[in-house]
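There are 2 protein chains.
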Amino acid sequence: MKPNQIMKHLPHKTIERLSQYRRALLICLDSGKTHIYSHEIARIQHITAVQVRRDLMLIGYTGTLRKGYNVKELIDLIGQIIDATEGINVAIVGMGNLGRALINYFTGKRSHLSIVAGFDINPDKIGNTMSGVPCFGIDEMESVIKRLDIRIGIMTVPGDFAVEVADKLVRAGVKGILNYTPKPVNVPKDVYLEEYDMITSLEKVAFYVKMHEEEA
Amino acid sequence: MKPNQIMKHLPHKTIERLSQYRRALLICLDSGKTHIYSHEIARIQHITAVQVRRDLMLIGYTGTLRKGYNVKELIDLIGQIIDATEGINVAIVGMGNLGRALINYFTGKRSHLSIVAGFDINPDKIGNTMSGVPCFGIDEMESVIKRLDIRIGIMTVPGDFAVEVADKLVRAGVKGILNYTPKPVNVPKDVYLEEYDMITSLEKVAFYVKMHEEEA
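Heads up: the protein sequence lines correspond to chains A and B, in order.
Residue numbering for the first sequence follows the working numbering, starting at 14 and increasing by one per position.
Residue numbering for the second sequence follows the working numbering, starting at 14 and increasing by one per position.
It is worth saying that the hints were derived from the structure and are not from the lab.
Please read these numbers as outputs of a predicted model, since none were measured by experiment.
Treat the hints loosely; a few may be bogus.
The calculated lysine-lysine pairs, modelled on DSSO-like cross-linking and capped at a C-alpha distance of 27 Å, are [claimed, not checked]: (1) A:K21 to B:K26; (2) A:K196 to B:K46; (3) B:K196 to A:K26.
Same shape as in the complex, but just chain A:
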């Protein structure tokens, strides 16, 4: 199968894991490692080696028994499967601490994804460059998104603005939204929405800590 045929049949969770495998593989490559076994990837990701082999078989890659997977080849193949050929422009809406943390975090990490604009309502920020990204006013969103061909919006505004910002992003034509606000939003079917709530993660950790202590 060609990469674009493979793509359509990949489960959501496999996409996530492929991204995570690549992240681990890039760290290995940096440290000079040329080959890696499925059980090594599995240990880094806290999953089973069977799971790793199953995911990589889905994208048509098999290693050799003796040496394992070729790190460089596998990074390239995962890129062919999950990355866009042309690169995708991304905007951050909300240039507070979280917005700036994300810019610093992403910058230089993945060449096919570029954060090209930030938006805020604070007049002190508008017109300035923050962490290398120009900041525009929220009311310029629609025109800037179209002009810069931005296709993904990351929302880092306070919860009270979530619904309004999501609507604006959709109207401006983005096709993917990553919502980091504490408020869930609704988008049309042709826009892909990923939501992450930091409180849920912390509450989950707290739940297991509580369980552990009650058992002890």
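Since the structure of chain A is already known, use the hints to place chain B on it.
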């Protein structure tokens, strides 16, 4: 069953969803809503009403057909199930943009979880209070964590420090770690680890945007 017997049998995903239901219910309560139907919760969370009803049955709650669930009662019940009775103290390691974003995000949102300390290596930050949280040096970690009875550590340091910080947190005795660095870490079995990589979320959104465009 008593709450602590119910707890042990809850799937991971149900814990996450209970936290998310509560988040949605708190927003409803704020807006003056007293009752809610499973399909309304489902719509907010982008899941099915059957899923909502199944999760709530697992914690022994059923609404009335005519009025739905009592919002206040359900918030309290979810709290009994997932919250610790005594409250849990939390530390942030890495007081950069992300660390401070998390403090601002959590503060006042959940009374049973308190961020009581931050740690950093920057001498300008150590000894100061940032967003209401005192900042200590990384080398004071073990003693401060013990003194303040901190049981959860949130890691927001650069990836290069991830392994070292996780080890220090474990040695200091925390029982839960939330890892926001780009590097996976290993912890002993009695410590609960939750890892979140922002690049994976963005790559997932980018993948679906790419798919959508190639289909169009």
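- Against which earlier hints does the structure fall short, listed by number upward? No numbers; nothing is violated.
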